[in-house]
Amino acid sequence: MKLTVEETEQVYEEPITTQAPTQLNGADVFIETLKKHQVEVIFGYPGGAVLPIYDALYKNPIKHILARHEQGAIHAAEGYARVSGKVGVVIATSGPGATNLVTGIADAMMDSIPLVVFTGQVATTVIGTDAFQEADIIGITQPITKHNYQVKDVADFPRIINEAFHIASTGRPGPVVVDIPKNMATGLFVTPKDEDQEVNLPGYQPTTKPNFLQIQKAAQAISTAKQPLILAGAGVLFAKASDELAEFAEKYQIPVTNTLLGLGGIEGNHPLFLGMAGMHGTYTANMAIQTCDLLINVGARFDDRLTGNLNYFAPNARVVHIDIDPAEIGKNVPTEIPIVADAKEALEALIAHEAPNGNTVAWLESLNISKEQYPFHYQASEERGLLPQQVLELVHEYTNGDAVVTTDVGQHQMWTAQYYKFRSPHNWVTSGGLGTMGFGFPAAIGAQLAKPDAKVVSIVGDAGFQMTLQELSLLQELRIPVKVIILNNQALGMVRQWQETFHGERYSQSLISVQPDFVKLAEAYDIKGYKIETFEDAKVQLKEALESDEPVLIDCRVVQKELVYPMVVPGTGLHEMIGVKPE
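To convert, note that position 463 of the sequence shown is 986 in the working numbering; the numbers rise steadily by one, no gaps.
Each hint should be verified, as a subset may be incorrect.
Stated by the list, open to error - With a straight-line cut-off of 16 Å between C-alpha atoms, the simulated EDC-like cross-links for lysine to aspartate or glutamate are:
1) 1066 to 916
2) 1051 to 1067
3) 1062 to 905
4) 944 to 925
5) 1054 to 1040
6) 978 to 925
7) 1062 to 916
8) 559 to 721
These are computed hints drawn from the structure, not numbers from a lab.
Turn these sequences into a full structure, and let the hints guide you.
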């Protein structure tokens, strides 16, 4: 007997229940709960398993951004969360929709970005049968989420969503996945609408207030140190503790260096700021780590790109480590004074503690001399062509250091970190721990939606941009005034640099000779495009592009063989940087 379409659906899914107009289904409760969490924008892409949710969204609107690929959606959500401080919300369908989010979920986990990711799933009646567009997203994402859920009872919707937002945004932030079988979205919700759904997670109680005895120990160490140093990571930004960091540094006259993700935690031109530390950090910051007698880590995780060879890292320093995640303390670097706490709470306690100041005058004088003698450097000439460092110095000049800046990963990321001095916190959006190509452009879209009045500049490489360039549709559709600057060296720049440095200049699959005409590509999306090949043109056209109120794309043709220096070669210590030249 031939089945009708409706009968065929009922074989594989529970029947859709006809309900009275006043009754709510799971999808309706889902939208209502998002509204209670004051969700302003959702990034997503519909598909069969989430159609009931999109139908509820149609009836009860929340601003939804239809990305052109799920990877674009989740990177945009990351940019939104990073700049706004709110939880980024993502929706995708089951199967490929969910698996297309995996890179972004892993990226958010590594960089502690608060996301709640909702994935569609096949009905509970067919889970495990290899049904159409079925994927075990819970199993796939367990190693790369802070927590994940699968809804198995419609009545659990409010509780699960409340817990997801709470877990994602408290303690050390991170992504939470909520997997929603289709029949959970269509099933009737029988719990009263106004039932109190408080979060009750006795096993999850992040420590935010520091232990007083540990604060005393840290204060005592500060008072006796002659060469103390503050290493400030993204934890300062997540805790909204930039003011406290500056006050703490100024009170005790301690110099500050940032991790890559911590940039903006202290003003880029602050007299106590030494610049970024790590593989491509400043000579002064790295040597300060190697010669300090007290290292105060505030909200950084001592990753390998920061420390270099751990056998040589900060050999003379007692270590104070302030982190909200106890798992990070002592994981890589032995810590004498551990302080498990929110960075803001810990800094406030240290500021309030009346301990005598150590004498750091000679230490600061020596570091200031080092900053003058060993700045970042490059060799410019008309014969060489346009250099990426020149472009970034102009971008900084024309935006006065006030722009929200996003990047992908690679050479352009490091040059941006080196040459763009951020005046304010929460303006730097990049992929740190995972190093995700294709991140920067969609992240800029999310950042612009978070700060509509800000100047948002996405600095990308020609290779990474081509991974998510389809999101140009959003600039066209919504007239989002992001400024996309492509540092186009027709190569996978950092791969090419490593092949030159470590593999005998054997450029295996790192040069990209065939590319689209990026200006024509921009014009195809009704976006103004520029092509810049000389420094003189850059001075004029970059200014015009950055002053525009419209979205623009700027293709900067830069020297292919320019290298990012200084550089700490893998396996060596921070004191063994190459490419360092005195002024």
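Tested hints:
1. A threshold of 16 Å between alpha carbons decides the hint, and for residue 1066 with residue 916 the separation of about 12 Å falls inside it, so the pair holds.
2. Simply put, residue 1051 and residue 1067 have alpha-carbon atoms about 11 Å apart, close enough for the 16 Å limit, and the pair holds.
3. Restraint check for residue 1062 and residue 905: the C-alpha separation of about 14 Å stays at or below 16 Å, so the hint holds.
4. Our distance criterion of 16 Å between C-alpha atoms is met by residue 944 and residue 925, whose separation comes to about 9 Å.
5. Annotation: proposed proximity of residue 1054 to residue 1040 holds, straight-line Cα distance about 9 Å (limit 16 Å).
6. For a cut-off of 16 Å, the pair hint linking residue 978 to residue 925 stands: about 8 Å separates their Cα positions.
7. A C-alpha spacing of about 10 Å is found between residue 1062 and residue 916, which places the hinted pair at or below 16 Å, so the restraint holds.
8. With a CA separation close to 12 Å, the supplied pair residue 559 and residue 721 stays within the 16 Å bound.
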